[in-house]
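2 protein chains.
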Amino acid sequence: MIPLYILGLLMRFGPQHGYRIKKLMEEQLEDFTQIKLPTVYYHLEKMEAAGLITAQRDKQGERTEKTVYLVSNGGIDKFKELLQQTLQIQYRPTFDIDGTLYFSDSLDRGALTDSLSRHVSSLKKTLDELELHRNATMVHIPEDCKISANIIFEHHILHYQAELTWAEQAWKLLKEDEAYGKS
Amino acid sequence: MIPLYILGLLMRFGPQHGYRIKKLMEEQLEDFTQIKLPTVYYHLEKMEAAGLITAQRDKQGERTEKTVYLVSNGGIDKFKELLQQTLQIQYRPTFDIDGTLYFSDSLDRGALTDSLSRHVSSLKKTLDELELHRNATMVHIPEDCKISANIIFEHHILHYQAELTWAEQAWKLLKEDEAYGKS
DNA sequence: ATAATAATAGTCAGTACTGACTAAAGTGAA
DNA sequence: TTCACTTTAGTCAGTACTGACTATTATTAT
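Chains A and B supply the protein sequences, listed in that same order. Counting from 1, position 182 in the first sequence corresponds to residue 181 in numbering that gives the first Met the number 0; the numbering is continuous, with no gaps. Counting from 1, position 43 in the second sequence corresponds to residue 42 in numbering that gives the first Met the number 0; the numbering is continuous, with no gaps.
Honestly, the hints are just simulated from the structure, not real lab data. Just so it is clear, CB atoms sit at the ideal spot from N, CA and C, and this is done for glycine as well. Don't take every hint at face value.
To be verified - Only pairs whose alpha carbons sit at most 30 angstroms apart, straight line, appear in this in silico DSS-like list of lysine-lysine:
| # | chain 1 | residue 1 | chain 2 | residue 2 |
| --- | --- | --- | --- | --- |
| 1 | B | Lys79 | A | Lys171 |
| 2 | A | Lys45 | B | Lys35 |
| 3 | B | Lys35 | B | Lys65 |
| 4 | A | Lys22 | A | Lys65 |
| 5 | A | Lys123 | B | Lys79 |
| 6 | B | Lys124 | A | Lys35 |
| 7 | A | Lys79 | B | Lys45 |
| 8 | A | Lys123 | B | Lys123 |
| 9 | A | Lys35 | B | Lys35 |
| 10 | B | Lys123 | A | Lys145 |
| 11 | A | Lys145 | A | Lys22 |
| 12 | B | Lys45 | B | Lys22 |
| 13 | A | Lys124 | A | Lys65 |
What the hints assert, rightly or not - To give an idea of the chain A side of the interface with chain B (calculated C-beta under 10 angstroms), a few residues:
| # | residue |
| --- | --- |
| 14 | Arg11 |
| 15 | Phe12 |
| 16 | Gln15 |
| 17 | Glu25 |
| 18 | Leu36 |
| 19 | Val39 |
| 20 | Gly98 |
| 21 | Thr99 |
| 22 | Ser105 |
| 23 | Glu130 |
| 24 | Leu131 |
| 25 | Ile151 |
| 26 | His154 |
| 27 | Thr164 |
Turn these sequences into a full structure, and let the hints guide you.
Written as structure tokens, this is what we have:
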């Protein structure tokens, strides 16, 4: 997905340094990618080698020069190809916490329910923040992207809510089982 | 997470070949990890080097010998440590399809809604299969793990349902916008 | 018995990712 | 104006992962 993001951002916001691309990702895509800066540079180099983007040394006065990247014609084609391609992707999540649960018989039952209730509070907090963040972010989003940006926020909110529902339900089941196991 | 899974499975089902560990993962953990066989071997080697497990050459008769791994004392400690550690993990999903959506102004609107309705059907199918799979898998799960196994299945089901709700809602919004845009 | 196919048990080289680091330019406060 | 702190702009070495491959043993169909 990262080359798609890079190409898309370069096309939407014009030529940028690697660092600015990363900043744009945070500003624009923060809630749906958590890529790190060195990874951006890694892909920029690969993409330049593949002829998708062109590097230009950006020297102003006496400053040490920096590298600005811009999309080439091949990059535009690749962008469309990637966009088509990613439409095919399947939803198939994995949840790290499931591993812990599967082996939870090795774990003190109290630690597990405690952890789940921390999870519940954390999710509630995140949901609140997400609402705030939606408002804050929307300001930076170009007008014609607002519909999709909203759909993306909805996406996250629905999944956080699902996670919350699940965590509360799981907590309850484990508590009941605990009570039953003791009797 | 993988070392946790490997240690847990070796403790629960006794010493195994790398290949069998992978099979157990499919049987027991299929719906919450999608690790590949070479990755299992990679971790087995690392874990042996770290003294968490011990390799034993398993030679029966004239056959070429194979390697069986068993958990060492250090491994038991590490398992408990990892279990504690993974209790802290935060839920923070990313969805590849969001990238496509964010750049969907470069995309034919019909292609997008088509893709979303394919997504909807695919999710419905997956939800049905998940129900079937739950029944099929439960047979292989040790009695004392059934509660947690069920909670794990619920986890997946709730998120698939959330994804379904979202996809249907997104499809509707885009269709409405399309109609509005035309008028 | 035997040829074909599937399951078992790996190896290895190449790709992807990132923590920890460097270093310059800007900023603000005393 | 200079010291401390933040932001910008990157590099590099090491870790994690896996596609594509090999090779042996089991099963099944003929």
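Results for each hint:
{"no.": "1", "hint": "Lys79(B) <-> Lys171(A)", "result": "holds, 24 angstroms"}
{"no.": "2", "hint": "Lys45(A) <-> Lys35(B)", "result": "holds, 25 angstroms"}
{"no.": "3", "hint": "Lys35(B) <-> Lys65(B)", "result": "holds, 19 angstroms"}
{"no.": "4", "hint": "Lys22(A) <-> Lys65(A)", "result": "holds, 16 angstroms"}
{"no.": "5", "hint": "Lys123(A) <-> Lys79(B)", "result": "holds, 28 angstroms"}
{"no.": "6", "hint": "Lys124(B) <-> Lys35(A)", "result": "violated, 35 angstroms"}
{"no.": "7", "hint": "Lys79(A) <-> Lys45(B)", "result": "violated, 41 angstroms"}
{"no.": "8", "hint": "Lys123(A) <-> Lys123(B)", "result": "holds, 28 angstroms"}
{"no.": "9", "hint": "Lys35(A) <-> Lys35(B)", "result": "holds, 24 angstroms"}
{"no.": "10", "hint": "Lys123(B) <-> Lys145(A)", "result": "holds, 28 angstroms"}
{"no.": "11", "hint": "Lys145(A) <-> Lys22(A)", "result": "holds, 19 angstroms"}
{"no.": "12", "hint": "Lys45(B) <-> Lys22(B)", "result": "holds, 20 angstroms"}
{"no.": "13", "hint": "Lys124(A) <-> Lys65(A)", "result": "violated, 40 angstroms"}
{"no.": "14", "hint": "Arg11", "result": "holds, 8 angstroms"}
{"no.": "15", "hint": "Phe12", "result": "violated, 12 angstroms"}
{"no.": "16", "hint": "Gln15", "result": "violated, 16 angstroms"}
{"no.": "17", "hint": "Glu25", "result": "violated, 13 angstroms"}
{"no.": "18", "hint": "Leu36", "result": "violated, 17 angstroms"}
{"no.": "19", "hint": "Val39", "result": "violated, 14 angstroms"}
{"no.": "20", "hint": "Gly98", "result": "holds, 5 angstroms"}
{"no.": "21", "hint": "Thr99", "result": "holds, 5 angstroms"}
{"no.": "22", "hint": "Ser105", "result": "holds, 6 angstroms"}
{"no.": "23", "hint": "Glu130", "result": "violated, 16 angstroms"}
{"no.": "24", "hint": "Leu131", "result": "violated, 17 angstroms"}
{"no.": "25", "hint": "Ile151", "result": "holds, 5 angstroms"}
{"no.": "26", "hint": "His154", "result": "holds, 5 angstroms"}
{"no.": "27", "hint": "Thr164", "result": "holds, 6 angstroms"}
Violation of the numbered hints given earlier is confined to hints 6, 7, 13, 15, 16, 17, 18, 19, 23, 24; the remaining hints are satisfied by the structure.
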